[in-house]
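Below, each chain spelled out in residue letters.
2 protein chains.
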Amino acid sequence: MQQISTLTDDLLYQQVAGHIEQMIEKGVLRAGEKIPSVRSISRQQGVSMSTAFQAYFLLESKGLIESRPRSGFFVRLVNKDLPPQPNRTNPPLIAKNVNIDEMVAEVFEAARHPDIVALGAACPSPTILPVNKLNRLTIAIIRDYGERALEYEFPPGNELLRRRIAQRSFTWGGNLSANDIVITSGCMDALNLCLRAVAKPGDTIVLESPTYYGILQTIQSLGMRALEIATTPNEGLCLDALEKALNNNEVKACLAVTNFNNPLGSCMPTENKKRLVEMLGKRNIPLIEDDLYGELYFGSTRPQNAKAFDKKGLVLLCSSFSKSLAPGYRVGWTAPGKFKTKVERLKSMTTIATSSLPQMIIAEFLKDSSYERHLNQLRKAFCEQIQAAMKAICKYFPQGTKVTRPTGGFVLWVELPKQVNALELHYRALEKKISITPGPLFSATRKYNNFIRISCGNPWSKEIEAAMVELGKLAKG
Amino acid sequence: MQQISTLTDDLLYQQVAGHIEQMIEKGVLRAGEKIPSVRSISRQQGVSMSTAFQAYFLLESKGLIESRPRSGFFVRLVNKDLPPQPNRTNPPLIAKNVNIDEMVAEVFEAARHPDIVALGAACPSPTILPVNKLNRLTIAIIRDYGERALEYEFPPGNELLRRRIAQRSFTWGGNLSANDIVITSGCMDALNLCLRAVAKPGDTIVLESPTYYGILQTIQSLGMRALEIATTPNEGLCLDALEKALNNNEVKACLAVTNFNNPLGSCMPTENKKRLVEMLGKRNIPLIEDDLYGELYFGSTRPQNAKAFDKKGLVLLCSSFSKSLAPGYRVGWTAPGKFKTKVERLKSMTTIATSSLPQMIIAEFLKDSSYERHLNQLRKAFCEQIQAAMKAICKYFPQGTKVTRPTGGFVLWVELPKQVNALELHYRALEKKISITPGPLFSATRKYNNFIRISCGNPWSKEIEAAMVELGKLAKG
Numbered sequence: 000m001q002q003i004s005t006l007t008d009d010l011l012y013q014q015v016a017g018h019i020e021q022m023i024e025k026g027v028l029r030a031g032e033k034i035p036s037v038r039s040i041s042r043q044q045g046v047s048m049s050t051a052f053q054a055y056f057l058l059e060s061k062g063l064i065e066s067r068p069r070s071g072f073f074v075r076l077v078n079k080d081l082p083p084q085p086n087r088t089n090p091p092l093i094a095k096n097v098n099i100d101e102m103v104a105e106v107f108e109a110a111r112h113p114d115i116v117a118l119g120a121a122c123p124s125p126t127i128l129p130v131n132k133l134n135r136l137t138i139a140i141i142r143d144y145g146e147r148a149l150e151y152e153f154p155p156g157n158e159l160l161r162r163r164i165a166q167r168s169f170t171w172g173g174n175l176s177a178n179d180i181v182i183t184s185g186c187m188d189a190l191n192l193c194l195r196a197v198a199k200p201g202d203t204i205v206l207e208s209p210t211y212y213g214i215l216q217t218i219q220s221l222g223m224r225a226l227e228i229a230t231t232p233n234e235g236l237c238l239d240a241l242e243k244a245l246n247n248n249e250v251k252a253c254l255a256v257t258n259f260n261n262p263l264g265s266c267m268p269t270e271n272k273k274r275l276v277e278m279l280g281k282r283n284i285p286l287i288e289d290d291l292y293g294e295l296y297f298g299s300t301r302p303q304n305a306k307a308f309d310k311k312g313l314v315l316l317c318s319s320f321s322k323s324l325a326p327g328y329r330v331g332w333t334a335p336g337k338f339k340t341k342v343e344r345l346k347s348m349t350t351i352a353t354s355s356l357p358q359m360i361i362a363e364f365l366k367d368s369s370y371e372r373h374l375n376q377l378r379k380a381f382c383e384q385i386q387a388a389m390k391a392i393c394k395y396f397p398q399g400t401k402v403t404r405p406t407g408g409f410v411l412w413v414e415l416p417k418q419v420n421a422l423e424l425h426y427r428a429l430e431k432k433i434s435i436t437p438g439p440l441f442s443a444t445r446k447y448n449n450f451i452r453i454s455c456g457n458p459w460s461k462e463i464e465a466a467m468v469e470l471g472k473l474a475k476g
Numbered sequence: 000m001q002q003i004s005t006l007t008d009d010l011l012y013q014q015v016a017g018h019i020e021q022m023i024e025k026g027v028l029r030a031g032e033k034i035p036s037v038r039s040i041s042r043q044q045g046v047s048m049s050t051a052f053q054a055y056f057l058l059e060s061k062g063l064i065e066s067r068p069r070s071g072f073f074v075r076l077v078n079k080d081l082p083p084q085p086n087r088t089n090p091p092l093i094a095k096n097v098n099i100d101e102m103v104a105e106v107f108e109a110a111r112h113p114d115i116v117a118l119g120a121a122c123p124s125p126t127i128l129p130v131n132k133l134n135r136l137t138i139a140i141i142r143d144y145g146e147r148a149l150e151y152e153f154p155p156g157n158e159l160l161r162r163r164i165a166q167r168s169f170t171w172g173g174n175l176s177a178n179d180i181v182i183t184s185g186c187m188d189a190l191n192l193c194l195r196a197v198a199k200p201g202d203t204i205v206l207e208s209p210t211y212y213g214i215l216q217t218i219q220s221l222g223m224r225a226l227e228i229a230t231t232p233n234e235g236l237c238l239d240a241l242e243k244a245l246n247n248n249e250v251k252a253c254l255a256v257t258n259f260n261n262p263l264g265s266c267m268p269t270e271n272k273k274r275l276v277e278m279l280g281k282r283n284i285p286l287i288e289d290d291l292y293g294e295l296y297f298g299s300t301r302p303q304n305a306k307a308f309d310k311k312g313l314v315l316l317c318s319s320f321s322k323s324l325a326p327g328y329r330v331g332w333t334a335p336g337k338f339k340t341k342v343e344r345l346k347s348m349t350t351i352a353t354s355s356l357p358q359m360i361i362a363e364f365l366k367d368s369s370y371e372r373h374l375n376q377l378r379k380a381f382c383e384q385i386q387a388a389m390k391a392i393c394k395y396f397p398q399g400t401k402v403t404r405p406t407g408g409f410v411l412w413v414e415l416p417k418q419v420n421a422l423e424l425h426y427r428a429l430e431k432k433i434s435i436t437p438g439p440l441f442s443a444t445r446k447y448n449n450f451i452r453i454s455c456g457n458p459w460s461k462e463i464e465a466a467m468v469e470l471g472k473l474a475k476g
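The listed protein sequences derive, respectively, from chains A and B.
The first sequence maps to residues 0 to 476 in numbering that gives the first Met the number 0.
The second sequence maps to residues 0 to 476 in numbering that gives the first Met the number 0.
Everything labelled a hint here was simulated from the structure, so no lab data went into it.
Certain hints may be false.
[Claimed, not checked] Pairwise CB distance ranges (calculated):
no.	chain 1	residue 1	chain 2	residue 2	range
1	A	Ala-120	B	Lys-199	25 to 33 angstroms
2	B	Arg-135	A	Met-102	42 to 50 angstroms
3	B	Asn-131	A	Phe-169	37 to 45 angstroms
4	A	Leu-422	B	Cys-122	43 to 51 angstroms
[Said to hold, decoys possible] From the derived model, a few chain B residues whose C-beta atoms are all more than 10 angstroms from chain A:
no.	residue
5	Glu-32
6	Lys-33
7	Arg-38
8	Leu-81
9	Asn-178
10	Tyr-328
11	Arg-344
12	Thr-353
13	Leu-365
Don't be surprised by glycine CBs; every beta carbon is placed ideally from N, CA and C.
Start from the sequences, fold in the hints, and give me the full structure.
Structure representation (structure tokens):
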């Protein structure tokens, strides 16, 4: 970067900003990467700190960079050159008995080869998880409290862990205490218990279309009915469509993945979350809010949860540490509002308790700033992986492909040209040792035949690049 | 013991036996204790090894001692002087909707004081569990395979663990392979998944009366109906009563705790297990066999499982390591016969997987003879604890009290005089900081009002002795 300190002060910051913009455009600084600190730019360019700040604020206002608390400024994903996003979905407004079980089982049994390029399951790679730190903590806990690991940790679960989860609730606008929380064996356990606490077999549950097949399977296994609601890739649940559904159906509960829905990546705007809680509250309908991905935001602040607006105890917030820390620990939690006693009892009846040792390890990990530091790294990694996958889709996939622009999480929802059959593509990809998740799994209505979900849980590699080339070829037919 | 070697040979062994019998009667050698080895008796008494063996065989045939493989001879519990056993139960032959949830919750919430003398929950004390060995293994595993602890162990679960569970199946007459087994989050998880795999809400399940309240709660939470079958304290399920029930009702499944039923302590004779499997098999009715306590036998050999006679894949065997190794690990398993795929899928939908690390630790513990050695110690401890409790009941409880004689497990089922109200006794005992489990929890039919369950999971102590004195006083009114 050339010396530009000879210019007058009010032009200076624009000049500095312009240079950085060029570096971003040329790909010298890439999306998700940290840009030089204000201090180093000021030294390097011989400009004052305040000029450097002004330059960064200008870039921020243009949407090119973003500040992250205590981390500095980062390059944002620039959307030009990417294919368009899929349209708003349009599911039929009829409650359906779910029947995707066989399909899901078949897809995942087929994808269990050990040497596969895994773009299917939404798993974070262990290489980006804090394995060493967790191992050190485990050994320390075993030495100090080994006996406790053998004892039951009866519901609501480990008190220290509950307190630390409650402490974090201020980040999403909540105000929980340890007493509001029940520890579960992962988020699916939480969703199961909450669904059983608020609804019975035969009852209708409204949810996003598309949504995670595990949720649909749970609804199927509990003999409930799924009424799918239209969504947009940016904002998730369409509230007008939801209102219509509520007016015309006897709905027992709403289950929504409000932040970074899997597979859509959508994030409901705060005002929509507020309206959602009001809309349901007026009708006394519980909202099961799945916030599994809420911590994995790419922007500067954590999105709020609908639970923040819950005055009636009707929101059952569910989450876990499976996507951010340790999938194999199977530790999740729920803050089920006024259904807490019911959820707690159901927990006692199904698994008695969640495994004690993993609860103790996570409580310890959450003690200091380690978790937040780890999350910052993880967010950056997922953001980069998502962007690399987007670029590959842009480069290798057939014309007419559409792709979402998630601002968090680590999955992409890809709409292929109409003639592509995603289930068939899945089987043909498997022959080439590549796993993807075909779209029809994400709906009870057998839609999304030409959609696939690409999971970006693994650091980008030559193998993944080659797999994307291959997928593109297969999709072109 | 005087020298008796001058007697003629065929009288000698009777003489030796007579002396040992006296020592048992006088309480010099107590039930559960090891008696001197054949070698040391032979040396001590100046008799041949074969004479000593003959003496021991005589005592064994009289039911006074028993041999344990590789451990020697032990004094058996002598039943004289103990109060009689409760009679055969007589539940009404009507399928009931279960409604014990509130009562169970109330009893257990009340009993959660930290400084209580715990005769309530059926938990083994950590002091008789292999804490140090498990801790050492955990540290070794974390050092060698730490990363794997973070990864999912998708159903059917850890392969090594499944193989080692399968290897142990020969001890109960089974012939399982790793592929027959699904790892679960404890035995209750296994029972839940199996019930859901074979029956639907509204369906009728036959089971023992009395039976474990957790099973009744699960049936309640799944909206199924319980049809309770008569039992006897020695043999458990009365097969004639079961046959009648099967002839007069549409039964969807049978759930039986075949070995050391909780609370009865009953153990079905092998021929009854065989007949049970045939009786159900003829009608194509699945048997969910809960074998949670099967390893905790006091006799010389492990009782067989009904699963050993399963030719049609209709027996779903369930168990766990919660009563024998580590309650807090939450690791159980099921061998669900022909329902395996269904159980595996339900497992995926409810908790995705069982926590990985506890599975790895138990697999390692089962590698060598450690588990069997630990079980031998545990069996001895439970046997002694049960006997101490029996004696205390005999000594302190009101006349007319009856008590079971379990040959395994660690709970006693106590019938108090008719006028004693067990729920009231429970609340009055709680005021004295003693927890027990009142009888009405063990039935959907609100029977057993004058019964209590005493758990003997803790080593006998002055505190427990004092609690039994207090309980006796309270029961006398």
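Results for each hint:
no.: 1; hint: A/Ala-120 x B/Lys-199: 25 to 33 angstroms; in the structure: 30 angstroms, holds
no.: 2; hint: B/Arg-135 x A/Met-102: 42 to 50 angstroms; in the structure: 45 angstroms, holds
no.: 3; hint: B/Asn-131 x A/Phe-169: 37 to 45 angstroms; in the structure: 41 angstroms, holds
no.: 4; hint: A/Leu-422 x B/Cys-122: 43 to 51 angstroms; in the structure: 49 angstroms, holds
no.: 5; hint: Glu-32; in the structure: 27 angstroms, holds
no.: 6; hint: Lys-33; in the structure: 27 angstroms, holds
no.: 7; hint: Arg-38; in the structure: 37 angstroms, holds
no.: 8; hint: Leu-81; in the structure: 32 angstroms, holds
no.: 9; hint: Asn-178; in the structure: 14 angstroms, holds
no.: 10; hint: Tyr-328; in the structure: 6 angstroms, violated
no.: 11; hint: Arg-344; in the structure: 6 angstroms, violated
no.: 12; hint: Thr-353; in the structure: 7 angstroms, violated
no.: 13; hint: Leu-365; in the structure: 16 angstroms, holds
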